[in-house]
Amino acid sequence: MASKLYVGGLPYAATESQLTSLFAEHGTVESARIVADKFTGQSRGFGFVEMSTSEEAQAAITALNGSQMDGRSLTVNEAKPMEPRSGGGGRFGSGPKRSRF
Numbered sequence: 001m002a003s004k005l006y007v008g009g010l011p012y013a014a015t016e017s018q019l020t021s022l023f024a025e026h027g028t029v030e031s032a033r034i035v036a037d038k039f040t041g042q043s044r045g046f047g048f049v050e051m052s053t054s055e056e057a058q059a060a061i062t063a064l065n066g067s068q069m070d071g072r073s074l075t076v077n078e079a080k081p082m083e084p085r086s087g088g089g090g091r092f093g094s095g096p097k098r099s100r101f
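Just so we're aligned, residue 1 is where the sequence shown starts under this note's numbering, counting upward by one.
Quick caveat, the hints were computed from the structure, so don't treat them as lab data. Possibly wrong hints are sitting among the right ones.
[As the list claims (entries may be wrong)] Below, in silico cross-link-like pairs of lysine-lysine (BS3-like), each with a Cα-Cα straight-line distance of 30 Å or less:
| no. | residue 1 | residue 2 |
| --- | --- | --- |
| 1 | K4 | K38 |
| 2 | K80 | K4 |
| 3 | K38 | K80 |
Please read all numbers here as calculations on a predicted model, not as lab measurements.
Using the sequences plus the hints, can you model the full thing?
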């Protein structure tokens, strides 16, 4: 079963093929994706890599977490499921109700 890894601290100029090459040294890469800003298209400095097995994923975490890529320190760990965002914030409807009197 494939294991998905979170990769943070990526250089903004990094490409998905560079990410694939980096992780391929530690096993079979099923997919590699760099997350980009939906408005500008620029990299947000993190991505996800899917390795074939959990053993390969663990080997990649051990080898690459804390390593350098183009002068930036990488954070590599097991990807966590995205938590639903709460609807708080915004201009209206947040904070305690205040009396006008």
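Checked hints:
1. K4 with K38: 22 Å, holds
2. K80 with K4: 9 Å, holds
3. K38 with K80: Holds, at roughly 21 Å.
This entry satisfies every hint, going by the numbered hints stated previously.
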